[in-house]
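Peer 1: If you read the protein sequences in the order shown, they are chains Z and A. For the first sequence, the residue numbers in our numbering are 1 to 166. For the second sequence, the residue numbers in our numbering are 1 to 103.
With beta-carbon atoms standing in for the labels, derived distance ranges:
#1 L107/Z / P43/A: 34 to 42 Å
#2 L83/A / P30/Z: 23 to 31 Å
#3 G22/Z / R42/A: 36 to 44 Å
#4 Y99/Z / N46/A: 39 to 47 Å
#5 L83/A / G42/Z: 40 to 48 Å
#6 R98/A / Y134/Z: 30 to 38 Å
#7 P16/Z / N46/A: 25 to 33 Å
#8 G159/Z / L14/A: 19 to 27 Å
#9 P13/Z / R42/A: 28 to 36 Å
#10 P44/Z / G73/A: 17 to 25 Å
#11 I35/Z / E3/A: 46 to 54 Å
No lab work stands behind these hints, which were simulated from the structure alone. Each residue gets a CB set at the ideal place from its N, CA and C atoms; glycine is no exception.
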Amino acid sequence: MIHALRAGACGIPFMPVGGMWGSDLVAQRPEFFQIMKSPFEGEPVVCVKALIPDYAIVHVQEADIYGNCRILGPTFQDILLTRAAKKTIITTERLVGTYRMQEEPKLTAIPHFIVEAVVELPGGAYPGICYPEYLTVDWDVYKAYQGAVKAGTVREFAGEVLKRRS
Amino acid sequence: MQEKVMSLSKAVDLIQYGMLLAVGGNAMHRNPTLFFLELATRPVENLKLCAAAIGIAGDILVATHQADTAYFGFFGLENEAGLAPGMRRAMEKDGSCRAVEGS
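Turn these sequences into a full structure, and let the hints guide you.
Peer 2: Next comes the structure, spelled out in structure tokens:
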């Protein structure tokens, strides 16, 4: 998956993958995995098709009004996702002044020119976790979500959660 | 630099039928859950999702059958939350979402 996104970010149609040998996934999903011969020595190599998302949607702790973002704590694959995608939509715990990016430019994880929208949305990862803003899952809400999945009422659940915030 | 601040509603309007969406965060961590809850109230369908670990935000669209394909390395919520409930129902029971698993 990482290599598929890397191929997307690099603007190339596929990328060789070092692993996957012995996995049934290669045969199960030929539209995503193919085996080709290396053009150098002729040995077989597994390749994965590029993924180019229309949008990456990323929740961050700090963004300015132009879309420059800082991620506090682990970045996971978010930097790669935003480079592979055509454009990025940001939701942020808070809007900060651009001076925050200028203080430590190398900490700007996502630059403004790949961002199309910035939404100030405190609690945007709720009922999940957003270090260091909220550190535990809201288990009551999560259990309500599990119940909604079983009952087939997730759209109604979504409406209720959003209504409670407004 | 151009100012890009907008409401949640306006940002969700950008998502159109059939788009491939990359989901930030990881499982229950810094997942853009409220954005996807808002998207779940809209009629947009045939969406595709991708991430190394899609998490609860993507699970919402799989549960509502708005996502028909998910590209992932891991699709679960970890710890007490276990596997993603919408994904399990859609892929094991309803058949409404195709799993394309990498590693």
